[in-house]
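*Asks:* Residue-level listing of the chains:
Number of protein chains: 2
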Amino acid sequence: MPLRVGFYGFGSIGRLAARVALERGFEIVGAVDIDPGLVGRDVGELIGAGRLGVRVSSDPSALTGADVVVHATGSFLDKVYPQLVKLIEMGLDVVSTCETLAYPWYRYPVLARKLDEKARAHGATVLGTGVNPGFILDTLVFTIASTVPLVERVRAVRSLDAARRREPFRRKVGVGMDPAEYRLKLERGELTGHVGYAESVMLISEAMGLQPTRVVEAQEPVVADRRVESAGIVVEPGRVAGVRGYGAAYLGDREVVRIELHAYVGAEDYEEIVVEGGGYAVRWRSSGTPGDPATASIVLSLAEAVAEAPPGLLTMVDMVAFRPRARVA
Amino acid sequence: MPLRVGFYGFGSIGRLAARVALERGFEIVGAVDIDPGLVGRDVGELIGAGRLGVRVSSDPSALTGADVVVHATGSFLDKVYPQLVKLIEMGLDVVSTCETLAYPWYRYPVLARKLDEKARAHGATVLGTGVNPGFILDTLVFTIASTVPLVERVRAVRSLDAARRREPFRRKVGVGMDPAEYRLKLERGELTGHVGYAESVMLISEAMGLQPTRVVEAQEPVVADRRVESAGIVVEPGRVAGVRGYGAAYLGDREVVRIELHAYVGAEDYEEIVVEGGGYAVRWRSSGTPGDPATASIVLSLAEAVAEAPPGLLTMVDMVAFRPRARVA
Numbered sequence: 001m002p003l004r005v006g007f008y009g010f011g012s013i014g015r016l017a018a019r020v021a022l023e024r025g026f027e028i029v030g031a032v033d034i035d036p037g038l039v040g041r042d043v044g045e046l047i048g049a050g051r052l053g054v055r056v057s058s059d060p061s062a063l064t065g066a067d068v069v070v071h072a073t074g075s076f077l078d079k080v081y082p083q084l085v086k087l088i089e090m091g092l093d094v095v096s097t098c099e100t101l102a103y104p105w106y107r108y109p110v111l112a113r114k115l116d117e118k119a120r121a122h123g124a125t126v127l128g129t130g131v132n133p134g135f136i137l138d139t140l141v142f143t144i145a146s147t148v149p150l151v152e153r154v155r156a157v158r159s160l161d162a163a164r165r166r167e168p169f170r171r172k173v174g175v176g177m178d179p180a181e182y183r184l185k186l187e188r189g190e191l192t193g194h195v196g197y198a199e200s201v202m203l204i205s206e207a208m209g210l211q212p213t214r215v216v217e218a219q220e221p222v223v224a225d226r227r228v229e230s231a232g233i234v235v236e237p238g239r240v241a242g243v244r245g246y247g248a249a250y251l252g253d254r255e256v257v258r259i260e261l262h263a264y265v266g267a268e269d270y271e272e273i274v275v276e277g278g279g280y281a282v283r284w285r286s287s288g289t290p291g292d293p294a295t296a297s298i299v300l301s302l303a304e305a306v307a308e309a310p311p312g313l314l315t316m317v318d319m320v321a322f323r324p325r326a327r328v329a
Numbered sequence: 001m002p003l004r005v006g007f008y009g010f011g012s013i014g015r016l017a018a019r020v021a022l023e024r025g026f027e028i029v030g031a032v033d034i035d036p037g038l039v040g041r042d043v044g045e046l047i048g049a050g051r052l053g054v055r056v057s058s059d060p061s062a063l064t065g066a067d068v069v070v071h072a073t074g075s076f077l078d079k080v081y082p083q084l085v086k087l088i089e090m091g092l093d094v095v096s097t098c099e100t101l102a103y104p105w106y107r108y109p110v111l112a113r114k115l116d117e118k119a120r121a122h123g124a125t126v127l128g129t130g131v132n133p134g135f136i137l138d139t140l141v142f143t144i145a146s147t148v149p150l151v152e153r154v155r156a157v158r159s160l161d162a163a164r165r166r167e168p169f170r171r172k173v174g175v176g177m178d179p180a181e182y183r184l185k186l187e188r189g190e191l192t193g194h195v196g197y198a199e200s201v202m203l204i205s206e207a208m209g210l211q212p213t214r215v216v217e218a219q220e221p222v223v224a225d226r227r228v229e230s231a232g233i234v235v236e237p238g239r240v241a242g243v244r245g246y247g248a249a250y251l252g253d254r255e256v257v258r259i260e261l262h263a264y265v266g267a268e269d270y271e272e273i274v275v276e277g278g279g280y281a282v283r284w285r286s287s288g289t290p291g292d293p294a295t296a297s298i299v300l301s302l303a304e305a306v307a308e309a310p311p312g313l314l315t316m317v318d319m320v321a322f323r324p325r326a327r328v329a
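Protein sequence lines correspond, in order, to chains A and B.
Sequential numbering of the first sequence, starting at 1, is according to our numbering.
Sequential numbering of the second sequence, starting at 1, is according to our numbering.
The shape of chain A in the complex, shown without the other chains (with noise of 0.2 Å):
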């Protein structure tokens, strides 16, 4: 029996996962989105893979029935929460690629106990999770954490080209826009730049056995002082040419966490994950890893064993049995 999966959001990332789960075999059982230009068009139509004769709805009902939901609508928690009791209260599995639902305790508590305490109540798993936060700069930090015997210190930098991403994706990192402006909107929250340092930043605490006495995390927009040009994408000189930001946990004075993210036209495509203790260092790099098809991969290599873990809101940590310990004295 192949896994049934339903989408809830049916925009690019959504699309993309669908696409994921026909190539990997799964079954779309539906697919729910509010968009009128989707909403009754045929599913497989819309990602390329013929008529699947499964339309996409604006009624969650359409999705009775999937072993799990891929939901991938939006990064913020109290935004989604609606959407996410609905499809609770219909008894259904949750993989959502909501930024801070990676760590809903951190920004969201009250809303992460309502959440588990319906979970578990209507017998529904629900899982926060995506390439950033999810992966790159959490889950994989802690398993690589895992090869080193007492960590003093990890660091992690994920490198992107946003001119290699997608129109939206350079919207919301400013591609363009004047600084100032850019600052403004970060501020008043119009624009959001990444989402998730924090709760990346989490994920690791958590899983090497750390209580934080401090979290921090910042975002600025990067300025750029010639003219850039990468991928057919052009930024003038002292327009915006994306952001860069970190998240870090401290233990007293003592940073023990450090994650990075650098996504700005003209930025190198890497990622590098650095674990220090034990007298030594344990390095990765990457050539990059591609946002968007990462985490619609990620959120489907996740499918299944969401759909048979035990009811309750879930994190990364729960889904990886790694337990790297940091020095805590």
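Hints in this document: simulated from the structure, not taken from any laboratory.
Cβ coordinates follow ideal geometry from the N, Cα and C atoms, glycine included.
Heads up, some of the hints might be wrong.
Part of the chain B face toward chain A, derived, beta carbon under 10 Å [to be verified]:
no., residue
1, T147
2, G209
3, A303
From the structure, some residues in chain B lie toward chain A, with a derived Cβ separation under 7 Å [stated by the list, open to error]:
no., residue
4, L22
5, T143
6, G278
7, R285
8, D292
9, P293
10, L302
11, F322
On the provided structure of chain A, position chain B as indicated by the hints.
*Replies:* Only chain B this time, still in chain A's reference frame:
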């Protein structure tokens, strides 16, 4: 309550794991070994941690009360099977560095089925892991493969300078020997080289939902073509510098999984994992992972999960929820 850890086998890996356990704040309840030079000695003094009041015993009952036992005595399941049965019959959870236990159904299916049955009957959990097999060439590979939509091919290499390893490691990879004599000892099983190529291949295959039509493994001596010196170890021309080996899984004629180990004097210290699929490749490369500390750390990083897991004979596929998918058509 700190985790209470016992040690079955208190050779170099067992002692290193005990040091890591203490550093992490775990409690050592006992250690068992048959070496008359170890029996009766204080565990803490043997690992340079000061008197602990726990003595090495030749009697496994010294491990009574452990939440989990670190088992580190040998590479071959048929040899260590009676030791594992003894621990299981005591109802103890076990995490073992026995290489062939990493995927015991491959080389010892009869013993694997018996161990699983006994473990369930006695409420014990058993897991085989370590740096390799167990991590670099398998678990980390299928973890990273989860970022790719549909895997066409995975390749992983672990390369290490045998000059920087323990003398027993150099002995098993034949350093300094006559090539013909080493080949003979490999054939006769008097020396093993690396053990676990096929186990790593099977872990990756199972995690990717793949039943290989064929699994192969082979290794051969690397013969010095000139005088090689590294970290104070010299290999004369014409003598064995170490081994190079591989394991691979096929679907028909297509090689889907290939893992390699290069372990010889003068080899570069690095690891590389490349996953191809969905029209792109993801590539991660390390600056090398020190084998013995990593094995001790990985075993301890899984000790808590093994103590909490349901009874039975588990593999690393049970410890990490990622399920990428390989193209099977």
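*Asks:* Hint by hint, work out which the structure violates, then give me just those numbers in ascending order.
*Replies:* When the structure is compared with the hints, numbers 4 and 8 turn out to be violated.
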